[in-house]
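Number of protein chains: 2
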Amino acid sequence: MKINKELMKGSTVILMMKQLEHRDMYGYEMAKRIEQQSDGLFAFKEGTLYPILHMLEVERLVEAYWGEENGRKRKYYKLTDAGRRTLVEKEREWSLFSTTVSRLIGEGRA
Amino acid sequence: MKINKELMKGSTVILMMKQLEHRDMYGYEMAKRIEQQSDGLFAFKEGTLYPILHMLEVERLVEAYWGEENGRKRKYYKLTDAGRRTLVEKEREWSLFSTTVSRLIGEGRA
DNA sequence: CATCTATACATCGTTTATCTATGTATCGTA
DNA sequence: TACGATACATAGATAAACGATGTATAGATG
Chain F
1 MKINKELMKG STVILMMKQL EHRDMYGYEM AKRIEQQSDG LFAFKEGTLY PILHMLEVER
61 LVEAYWGEEN GRKRKYYKLT DAGRRTLVEK EREWSLFSTT VSRLIGEGRA
Chain V
1 MKINKELMKG STVILMMKQL EHRDMYGYEM AKRIEQQSDG LFAFKEGTLY PILHMLEVER
61 LVEAYWGEEN GRKRKYYKLT DAGRRTLVEK EREWSLFSTT VSRLIGEGRA
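Those protein sequences? They're chains F and V, same order as listed. Under my numbering, the very last position in the first sequence is 110; numbers go up by exactly one each time. Under my numbering, the very last position in the second sequence is 110; numbers go up by exactly one each time.
What the hints contain is simulated information worked out from the structure, not anything from laboratory work. Honestly, I wouldn't trust all of these hints.
Derived pair list, reagent style BS3-like, types lysine-lysine, alpha-carbon separation capped at 30 Å [as the list claims (entries may be wrong)]:
id : chain 1 : residue 1 : chain 2 : residue 2
1  : V       : Lys78     : F       : Lys90
2  : V       : Lys2      : F       : Lys78
3  : V       : Lys9      : F       : Lys78
4  : F       : Lys90     : V       : Lys2
5  : F       : Lys2      : V       : Lys5
6  : V       : Lys9      : F       : Lys45
7  : V       : Lys78     : F       : Lys2
8  : V       : Lys2      : F       : Lys5
9  : V       : Lys90     : F       : Lys32
10 : V       : Lys5      : F       : Lys45
11 : F       : Lys2      : V       : Lys75
12 : F       : Lys5      : V       : Lys32
13 : V       : Lys90     : F       : Lys2
14 : V       : Lys73     : F       : Lys5
15 : F       : Lys9      : V       : Lys90
16 : V       : Lys2      : F       : Lys2
17 : V       : Lys5      : F       : Lys9
Computed from a predicted structure; not experimentally measured.
Based on the sequences and whatever the hints tell you, model everything.
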């Protein structure tokens, strides 16, 4: 089943930030991991991925630094303290939102 | 807590169609009921509400008819058979989407 | 009686998240 | 050597929801 792309809006940022919770990653890696973890359900395009990372950097929620592995330049991202606080808030927001929608949908089944 | 409006995108249509599952309603009524059922969390503006209803009508997922109560004209909406099939599909879609996001967010907590 | 709020419909223009398309460049493989 | 995967980036298109605005009636409040 394919998910309506409009549903994805608003959850993309939290999914990406969550990837950075335990270790630094580069953009392409984050996208591939989300794709794997979701069994191919969520697949971000580059046109979505990189602008979000740049925006998070401008907002000081992540910091970027260049690394090199196997002769390949990679731009690693790291959550800032502000980023971690924002992530916690966004998780609470997601939880409230999803349980509320599920409840409203469930209520109809009376 | 206020919900990021971007999260709402994509779930608005299903919430509105769900209201029509058990009885016909007029637009304003649907919006107010959703607001009450969500404890004020979801509040649709008219600029959101009516264009969606018109779109659903064009797509033959709902049918509209005018009624009058207490000297007040009301436009009632009714789910078509196609609308009911679409609703079932959208419910499955929401379920898959929300459980997947929750799983990915939960996984980070390892 | 005048004014305000809630009800009830509607539409136009704006905002913005994501996508599509395009570009650069390197690595491994067939 | 040609292709696909990796890895970055951005410009323009698309489309959902919003803000603002408009019309009109009912009921409450002063």
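Each hint tested on the structure:
Distance check on the hinted pair: Lys78 of chain V and Lys90 of chain F sit about 36 Å apart at the alpha-carbon level, beyond 30 Å; violated. The straight-line distance between the Cα atoms of Lys2 of chain V and Lys78 of chain F is roughly 27 Å, inside the 30 Å bound, and the hint therefore holds. Distance check on the hinted pair: Lys9 of chain V and Lys78 of chain F sit about 28 Å apart at the alpha-carbon level, within 30 Å; holds. A threshold of 30 Å between alpha carbons decides the hint, and for Lys90 of chain F with Lys2 of chain V the separation of about 11 Å falls inside it, so the pair holds.
Proximity of Lys2 of chain F to Lys5 of chain V is assessed by CA-CA distance (about 23 Å); at most 30 Å being required, the pair is judged to hold. Only pairs whose Cα atoms come within 30 Å are accepted, and Lys9 of chain V paired with Lys45 of chain F is accepted, the gap being roughly 19 Å. Restraint check for Lys78 of chain V and Lys2 of chain F: the C-alpha separation of about 27 Å stays at or below 30 Å, so the hint holds. About 23 Å separates the Cα atoms of Lys2 of chain V and Lys5 of chain F, which keeps this hinted pair within 30 Å; it holds.
A hinted pair counts as satisfied when its Cα atoms are at most 30 Å apart, and Lys90 of chain V with Lys32 of chain F qualifies at roughly 26 Å. Restraint check for Lys5 of chain V and Lys45 of chain F: satisfied, since their Cα atoms lie roughly 22 Å apart, inside the 30 Å limit. Annotation: proposed proximity of Lys2 of chain F to Lys75 of chain V is violated, straight-line Cα distance about 33 Å (limit 30 Å). Of the pairs offered as hints, the one joining Lys5 of chain F and Lys32 of chain V holds, with about 27 Å between alpha carbons and a cut-off of 30 Å not exceeded.
Restraint check for Lys90 of chain V and Lys2 of chain F: the C-alpha separation of about 11 Å stays at or below 30 Å, so the hint holds. Only pairs whose Cα atoms come within 30 Å are accepted, and Lys73 of chain V paired with Lys5 of chain F is rejected, the gap being roughly 36 Å. Taken as a hint, the Lys9 of chain F and Lys90 of chain V pair is honoured in the structure, with Cα atoms around 16 Å apart against an allowance of 30 Å. Simply put, Lys2 of chain V and Lys2 of chain F have alpha-carbon atoms about 29 Å apart, close enough for the 30 Å limit, and the pair holds.
Note on Lys5 of chain V and Lys9 of chain F: the hinted pairing holds, with a Cα-Cα distance of about 9 Å set against a maximum of 30 Å.
Hint violations for this structure: numbers 1, 11 and 14, all remaining hints satisfied.
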